[in-house]
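Chains A and B are the protein sequences, given in the same order.
The numbering used here puts the first residue of the first sequence at 1, with every later residue one more than the last.
The numbering used here puts the first residue of the second sequence at 1001, with every later residue one more than the last.
These are computed hints drawn from the structure, not numbers from a lab.
Hints may contain errors.
Here's a subset of chain B near chain A, in silico, CB distances under 8 Å, partners left out [said to hold, decoys possible]:
no.	residue
1	A1157
2	Q1158
3	D1203
Where a beta carbon is used, it is the ideal one built from N, C-alpha and C, also for glycine.
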Amino acid sequence: MGNYLTAFLVGGAICAIAQLIYDLTPLTMAHVLTLFVIVGGIISGLGLYKPLVDFAGAGATVPITSFGHQLVQGALKELEMSGPIGVLTGIFDLTSAGITSAIIFGFFVAVIFNPKG
Amino acid sequence: MANKKLGAQTLQFNRPPVLLEAATVVGPLEGQGPLGDTFDVIYPDQLNGQKSWEACERGMMKDAVKLLLDKAKLSVDRVDFMLAGDLLNQLISGNFAARDLAIPFLGIYGACSTMVEGLGLAAMLVDGDYADYVVAATSSHYGTSERQYRFPTEYGAQRPPYSQTTVTGSGAGLVTDSTYHPGRYPRVTHFTVGKVMDRGIKDPYDMGSAMAPAAADTLQRHFVDTDRTPADYDLILTGDLASVGKKIVIELMALAGYDMGQNYDDCGCRIYNPDKQPVFAGGSGCGCSAVVTYGSILHQMREGKLKRILVAGTGALLSPTTYQQGESIPCIAHAVAIEMSEKGAL
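Model the full structure from these sequences, guided by the hints.
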């Protein structure tokens, strides 16, 4: 696993690339977000994301690229266990905790607070 | 016969209508700005006790019109027409405010040029002898505009430094016939109607660059039509180009041979203090030119510090659908010349 330094460098580099894309191109935040999920998925599919996680720890698991990685790994795992249909059933296996908690926490925050502008 | 038309795009009023009274209501950020003490009402927060920003905005317009009539000591039934518009889809602020005010209503849309469009049309109704008293009102609200045009604020989107801050504010003016009010008042003498221009800007944050060519075109047209120069005015104000667009207007006017160096400013540069307030390039929105013009500028005219001014309201005529479909941003600017009359007619 990585240490503080590698986490800082790798996580920081990923975020810096995203910020530069946002600042220097007409792409919106939603574009950058989606782009990084897809790039994470592609890197994961090529088998390169796991080594990055081993090297940088949270520096690789916290940025949104990790979400793409988890989508792909979940699908691949179920593909092995259940055959082609597993690509569909497994895609949200590893990410379901993140997605569900985002919905639940989002719900409670929306119930309790009002935006102030 | 169009005998009140001057040149290609300018109307010259026979009996320049009186801008009898005006009222302004703003939000907290505007109240803390450098013009804070020139506004009539400052709301304590962006909601002012309402359950949504949209409800707050239409309440703000209603408050501005009611205050206007109070200040002018005029009952609602004496008002012939109300012309109002805002930035929201289906003009909900104007329409809903008019529902409660029960004044014969015409909704107008010119994006941030609405204040000038309304004032010019009101003057036309009065000088055309169709009305004795016309209210021209407009409003904008930071929260409602962000939600409709960009991202909801709670999304926390980063903004580029050239973006502008939509003014939370509403301004209303009362236009009347000069024969009823022959004294010393600001009068609307000319109205220059602009053409829609589009130089291909697509970034919905970059309103200043998008609107500047329209502003420069209307100003040049006004000077040609009226045979005046920038030096004939004590102050020339554009609506809401802020710091980015203001520079472009000065450059475009210089290319056309007009020196804007001395007496030109932009409402978006005046309403906030960009060094101390988080407003990026400056203010924008229908409310920006309305509360600046109907607030500090009108005060200065009454105090005799300004005699003749030209206000060019600038509007970006985009919709969320058009920019999501990759269309560029068409823009417009209208200008009104306002002059402080000595006693009696001009």
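Consistency of the hints with the structure:
1. The interface hint given for A1157 (chain B) holds, since its Cβ lies 6 Å from the closest Cβ of chain A, which is under the 8 Å cut-off.
2. Checking Q1158 (chain B) against chain A by beta carbon gives a least distance of about 7 Å; that is within 8 Å, so the hint holds.
3. At its closest, the beta carbon of D1203 (chain B) sits 7 Å from a beta carbon of chain A; the interface hint therefore holds under the 8 Å criterion.
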